[in-house]
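Here is what each chain is made of, one letter per residue.
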Amino acid sequence: MKYILLVLAVLLVFVSCKKKEAEVNDEPFEFISLTASDTFPSINEYTTLTATTKGSDLTYTWNYHAGVVVGSGAVVQFVLCHSERVDVTCDVSNSSGQVLSKTIQIDVKP
Amino acid sequence: MLNLNSTSFAFLLILLFSGKASFSQCCSAGSPVGASTNVGVLDKGILNINSFYRYSQHNNYFQGKDELKDFGYIDYTFFNYISLMSGYGITYKTTIEADMGFFINKTQKFKLPPGYELKGTGFSSGTVSIKRALFKNTEKNTEITGGAGIRFPFSTESKYYNNVLLPVEIQPSTGSFGGILHLFAAKSWHNNERRLFTYNRFEYNLENKNNYQYGWALINSVFYSHKIIKNLIAAGEIRNETRQYDLRNKARAANTGSHVIVFSPRIMYSIAGKWTISLLYDTPVYRFYSGRQMGLYQSVAFNFSRQVNIK
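Chains as they are written, first to last, in this note's numbering: chain A, 439 to 548; chain B, 1086 to 1396.
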């Protein structure tokens, strides 16, 4: 009886420690477009950036070299306090680790 | 050996060639300048531990010397910063120093949307430097010290807030390596009851992995301290801060580079001859910003230091 319990305990450990298989997201994943409400905003004027995507459990990461992105997620706002052409990039990733990127150029008028 | 007259002349030269350095950018929360007044060499075997906290606020845009009213989308910016510095006297004339700093927060408060804020937090950078007394005469209470060191980032990765890259102005670290040069000269009278000294620091930053290079900075300070009563010292500092414009992909980055002169009165209190506490307030007396940048409004710092002999 003692040995049977020991074997069961070992089996229980193995079963509970079984590595979970990586989740595979079979849903379609697509980065359709990245648009701005105004690609030629004035200084200090907000422009709305919209990332249109297909898929679920998506994460939106925003990168730029000047100005500031306000908000988070698929729809954010961009503003700059001086005149400059700025590339704003949105990286979209899904739960499988796939990443799609698009960049939009915002030309802030003087 | 220098005599007192030539030492005075050296002081005069240093004062004449004193520059400046500031750490502002378009919507900057600024960067901290240390609050320490122990910037010379330590005696052999002396360990100096120095910690300070600084709060700094920038609240108006400037274009050149002119303040811009109702400009910009940022209401004000501020930071809370803590730092730890230690120095050790290796020999009578040589001291090794190390310091590190941490931004509790480096925040931009927005006018629109109202109440919105972006916040950076994390380690700024560390420095390791060595100082050597070029001239030290304890009888005449005179010292001229030079030094050099390296600055290193604790992280070269940019910080994000809710998966949105933080603006360069509130990144806690430059993310780059750099070098530092120091020059310090001091003269005291009446058994250190009165002290005049100047501290000059040049910082050079290399390009970081995002192809951004912060401009060099030059900080020149002139201090005068006077013993008021036993254990209590009052001091005043005029600090000239200059920052060269930054480079992005080798091209000049807009709205960077500045020249600020700050007046900083402070009081220092010594407890049992071992602990020193100082409190200081920075207020700008001259501000010039290239392009349009948030200007320094005020800054306060609290400094706490202790020296121990570990020979």
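Hints in this document: simulated from the structure, not taken from any laboratory.
Please note: incorrect hints may appear among the correct ones.
Said to hold, decoys possible - Once the Cα atoms are required to be at most 25 Å apart in a straight line, the calculated DSS-like pairs of lysine-lysine come out as:
1. B:Lys-1194 x A:Lys-547
2. B:Lys-1196 x B:Lys-1150
3. A:Lys-547 x B:Lys-1150
Do the hints match the structure? See the list:
1. B:Lys-1194 x A:Lys-547: holds, 24 Å
2. B:Lys-1196 x B:Lys-1150: holds, 23 Å
3. A:Lys-547 x B:Lys-1150: holds, 24 Å
Violation of the numbered hints given earlier is absent; every hint is satisfied by the structure.
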